[in-house]
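Chemist: Single-letter residue listing:
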Amino acid sequence: MKLNIAASNSSKSLRNRILQDPSFGIVALLAVAILAMTVLEPSFATGGNVTNIINAMMTVSFLAIGMTVVLIAGGLDLSVGSTMAVTAGVAGNFLSYGMPMGVAFLWALAIGMGIGLINGLIITKLGIPDFIATLATLGIGQGVILLWTQGVPILGYMNDAYYYIGGLKKIAGPISIPMIVVVVISVGMAIILKRTKFGLELYAVGSSPISARNAGVNVDAIKISAYAISGLLAAIAGIHIAGRTTTVPPLIGKGYEISAIAAAVIGGASLLGGKGRVIGALLGALTLTLTRNIINLIGIESSWQAIVTGSVLIGAVLANRASSEFGRKTFRRGKS
Amino acid sequence: MRNQSKLSKIISIEGVVILAAFVLMVIFFSLNADSFLIPDSIRYYINEAVPIFIIIVGLTFVIIAGGIDLSIGSVLGLSAGTSLMVSMWGWPFWVAVIVGVFTGLAFGLFNAVIITIFKVNDFIVTLGTLYIAAGALTVITDKIQLIGTKDTNFQRISDMSFLGLTSSIWFALVIVVIFELILLKSPFGRRVFATGIGEVPALISGINTQRTKFGAYLISGGLAGFGGVLLASHLNSVQSGLAGGYELTAIAGAVLGGVSLAGGRGSVWRAIVGALFLTTLNQGLLLMGVNPLIFQIVTGLCILVGVVVDRGVYKFALTFSTQTREVNSQILDRKKVSL
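Here the protein sequences line up with chains A and F, keeping their order. So in the working numbering, spot 261 of the first sequence is number 261, and the numbers just go up one at a time. So in the working numbering, spot 141 of the second sequence is number 141, and the numbers just go up one at a time.
Misleading hints may appear alongside valid ones.
Stated by the list, open to error - Below, computed lysine-lysine pairings styled on DSS-like, alpha-carbon distance capped at 27 Å:
1) Lys125(A) x Lys185(F)
2) Lys275(A) x Lys197(A)
3) Lys125(A) x Lys275(A)
4) Lys119(F) x Lys275(A)
5) Lys125(A) x Lys197(A)
6) Lys275(A) x Lys169(A)
7) Lys254(A) x Lys143(F)
8) Lys315(F) x Lys185(F)
9) Lys194(A) x Lys275(A)
Keep in mind that the hints were calculated from the coordinates and are not lab data.
All chains, please: the whole structure from these sequences, using the hints.
Modeler: Laid out in structure tokens, this is it:
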């Protein structure tokens with residue numbers, strides 16, 4: 001009898017683990033969408049279209065990973081889009097003056113990280129709500145790049161190496177440098193979040209800043225680092241997008257903060273803090289990109305895109321919610 | 001010592017600091033920008049900002065109840081589109097008004113249901129409806145060019161003149177007064193504050209917090225709808241993307257006016273002063289001939305400084321009122337209301 005219970009428990013636990021996985025709802029949704037498209041639309045599952053989708057999701061992936069880190073720490077970063085635009089401008093502009101590529105990129109990375117640090121300092125040291133502080137830096141960043149470029153796109157900085165970095169030229173078959181960078185950053189970030197003390201402290205700060213402080217965590221330092229990471233990843237996205245689009249219009253980053261938040265939240269991150277995973281951010285970015293791709297393929301007018309995106313956002317969050325409720329219920333039943 | 005405490009008392013009255021900053025700014029611009037104080041120019045830019053004043057009223061309810069509504073800007077744009085469309089089809093003006101207001105109410109209802117019944121995060125839900133409303137307007141303007149109705153009654157909704165002010169401004173004034181009274185004097189208003197201060201204590205004291213939030217989102221949606229009607233009547237043409245970004249100006253204005261994003265603190269008139277501050281700042285800079293590309297930077301810095309000052313004053317007011325308990329019953333009363 002005892003054995004029986006143990007056996008049924010272990011089989012239940014596997015099922016529960018799948019059902020209770022925070023990304024179960026969105027994976028199920030994606031699987032249904034992909035299956036349906038593969039059956040209904042012959043041009044969907046072709047190699048060309050798949051590489052298209054993967055290339056298109058790179059920029060949002062970088063931003064979404066950074067956003068996830070900030071959301072885990074209980075913050076919110078609205079400035080990622082404008083940070084991306086500023087750093088893309090820096091990379092392009094410095095290159096066009098003949099600066100060596102490595103130095104120009106280092107400048108871009110440093111400036112992105114610097115903006116993140118400033119965000120973190122304003123939020124923790126001045127006690128301004130995350131939403132307001134990063135809304136202000138969004139405006140300031142956008143104003144800076146508008147003023148700097150006087151509204152004229154930056155161009156004439158592309159060289160052969162940058163085509164590779166932007167992913168316009170592939171290094172082997174369909175593999176491009178951005179893909180490798182995304183994989184490396186994702187794996188590295190996942191390890192940091194799951195295996196290091198810093199990662200643990202990030203979740204602790206986001207779940208309950210007061211308990212974290214009582215447990216001896218330097219809450220301010222953790223939050224500032226989260227924003228710095230987000231700024232750094234926004235800079236990487238900036239360097240990438242400058243290469244992918246070959247020109248930098250001043251408003252290049254407009255709306256990307258929304259995509260990043262949407263991707264992170266679809267992937268299971270919570271605006272209440274303490275929740276979120278790198279794989280979730282990638283799934284979220286995939287969901288958004290796939291939505292756009294499907295709209296194009298099945299010939300819905302592009303004016304419907306915003307409606308579909310908004311509905312997918314709400315639908316995905318509802319699906320995640322429903323699946324976690326369902327998982328919890330089965331878990332409880334299994335226990336009793 | 002006595003003087004000092006009097007000064008402290010005045011500073012501690014909420015809204016005084018932003019009001020003082022506003023007055024200082026007006027003085028500065030009237031000295032430095034020639035045409036700043038011309039009545040026509042003031043009437044003009046206030047009239048242009050009426051939609052923001054109207055959505056900020058509903059937004060204040062939502063924020064005080066502890067929520068956020070990002071969809072108001074694009075809902076306002078969509079309502080402008082639907083009401084103008086109906087008017088262009090030849091329906092009488094009051095049908096157009098009803099259609100516009102109900103467009104807003106429908107989105108308010110949708111937000112309210114998803115947020116309070118399905119318990120999904122308010123930021124995400126209203127972000128989604130922001131997309132949906134903006135997209136719906138794009139779909140409409142793709143099919144029909146909303147370039148003007150022939151119905152003069154519809155145009156007159158916003159542009160009648162009464163005692164030297166346009167009817168738009170009068171509508172905004174009436175809405176501000178009515179909703180300020182509802183917020184500060186009615187049982188519903190007290191429930192809004194209680195919900196924002198803390199849902200658990202509010203629940204324990206018998207307040208249906210979800211129903212209160214539901215009401216706040218409905219108000220926000222309905223007012224966005226009405227603001228859209230006024231905007232459509234004023235512009236008499238609607239393009240896709242209309243009123244996008246209004247929500248950010250409104251949120252920034254509300255926060256500058258001391259409406260706390262944590263909920264439970266604020267009032268309609270202070271939010272309006274905050275919005276007035278931002279719009280006047282833009283107008284003044286424009287008249288001074290400052291490069292418009294700088295506006296965003298200045299606005300961003302203003303928001304940061306404003307919030308820091310507001311927080312400092314609020315903390316100061318709290319310590320002051322706890323230290324000298326006997327002197328100022330007024331502040332203590334206010335503390336009871338707004339803490």
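Chemist: It remains to establish, for every hint, whether it holds in the given structure.
Modeler: Status of each hint after checking the structure:
1. Restraint check for Lys125(A) and Lys185(F): not satisfied, since their Cα atoms lie roughly 37 Å apart, outside the 27 Å limit.
2. As the CA atoms of Lys275(A) and Lys197(A) are separated by approximately 16 Å, the hinted pair is consistent with the 27 Å bound.
3. Between the alpha carbons of Lys125(A) and Lys275(A) the distance comes to roughly 24 Å, so the proposed pair stays at or under 27 Å and holds.
4. Simply put, Lys119(F) and Lys275(A) have alpha-carbon atoms about 17 Å apart, close enough for the 27 Å limit, and the pair holds.
5. Between the alpha carbons of Lys125(A) and Lys197(A) the distance comes to roughly 23 Å, so the proposed pair stays at or under 27 Å and holds.
6. Note on Lys275(A) and Lys169(A): the hinted pairing is violated, with a Cα-Cα distance of about 37 Å set against a maximum of 27 Å.
7. Between the alpha carbons of Lys254(A) and Lys143(F) the distance comes to roughly 26 Å, so the proposed pair stays at or under 27 Å and holds.
8. Of the supplied pair hints, the one linking Lys315(F) and Lys185(F) holds, its CA atoms being roughly 26 Å apart against a limit of 27 Å.
9. A hinted pair counts as satisfied when its Cα atoms are at most 27 Å apart, and Lys194(A) with Lys275(A) qualifies at roughly 12 Å.
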